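Protein sequences, first through last, are from chains U and R. Under the numbering used here, read the first sequence as residues 1 to 121, first letter to last. Under the numbering used here, read the second sequence as residues 122 to 242, first letter to last.
No false leads were mixed into what you were given.
Restraint-style ranges between C-beta atoms, simulated for each label pair:
| hint | chain 1 | residue 1 | chain 2 | residue 2 | range |
| --- | --- | --- | --- | --- | --- |
| 1 | U | 115 | R | 238 | 39 to 49 angstroms |
| 2 | U | 108 | R | 209 | 43 to 53 angstroms |
| 3 | U | 8 | R | 238 | 15 to 25 angstroms |
| 4 | U | 117 | R | 152 | 34 to 44 angstroms |
Keep in mind the hints are simulated off the structure, nothing from the lab. Bear in mind that the values here come from a model prediction, so they are computed numbers and not experimental data. Each residue gets a CB set at the ideal place from its N, CA and C atoms; glycine is no exception.
Take a look at the letters that make up each chain.
2 protein chains.
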Amino acid sequence: MNERSRAGDPAPFYEAHVFCCINERPAGHPRGCCKAKGSEGLRDYMKARAKELGLARVRINSSGCLDRCELGPTMVIYPEGVWYNVASRAEVDEVLQKHLVEGGRVARLMLKPEDKTPPAR
Amino acid sequence: MNERSRAGDPAPFYEAHVFCCINERPAGHPRGCCKAKGSEGLRDYMKARAKELGLARVRINSSGCLDRCELGPTMVIYPEGVWYNVASRAEVDEVLQKHLVEGGRVARLMLKPEDKTPPAR
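Construct all of the structure, not just a fragment, from the sequences and the given hints.
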């Protein structure tokens with residue numbers, strides 16, 4: 001349940017639903033794009049690792065442009081609505097373990113609504 | 122806030138985030154696919170209508186396979202996690218108005234976790 005839930009809404013179909021942006025823009029586009037930053041490979045890796053970890057009620061999905069291109073590669077995890085910039089396999093592993101297995105957060109990779117550039121490493 | 126939220130999570134970036142499956146499977150695949158049921162055109166229509174309605178904090182997104190192919194065209198609206206089978210422009214309009222503008226539900230088009238076939242019309 002959350003502020004937007006209503007009495008009688010069905011139970012969640014997935015416990016956690018991850019959307020990884022794999023949108024591609026033309027080369028040289030001022031906003032850049034997640035695909036050019038390797039998001040497809042990272043999504044593939046995340047999907048495979050989630051399976052290996054036995055996260056059966058977690059779905060790793062591709063998505064079209066999430067419109068936070070400057071912050072990419074971006075992903076958002078629902079229903080909690082937490083956004084991450086995840087730029088390497090090591091960071092994917094960190095989000096899987098800390099957020100999806102343990103229910104915690106990888107604070108240094110999280111995106112705030114007002115962010116205009118990715119978190120510094 | 123919901124069961125998966127944590128103190129300190131940033132405010133939501135979108136008020137409502139809609140993911141429309143546009144996955145395509147090879148012709149004749151036993152599960153079918155949302156694209157073959159017209160999901161791309163319906164997503165385009167939904168995006169355009171949401172804009173016309175001035176739903177600035179609502180994002181209509183494409184997604185890869187949501188893995189509920191038999192129930193397609195499927196969409197899911199977060200953070201509430203409500204799933205719909207939406208098969209025509211009239212039904213898109215209904216979900217936009219009733220769910221996204223008014224915060225209600227289009228009960229007859231909603232999917233329950235155990236559903237194996239789309240709601241009867």
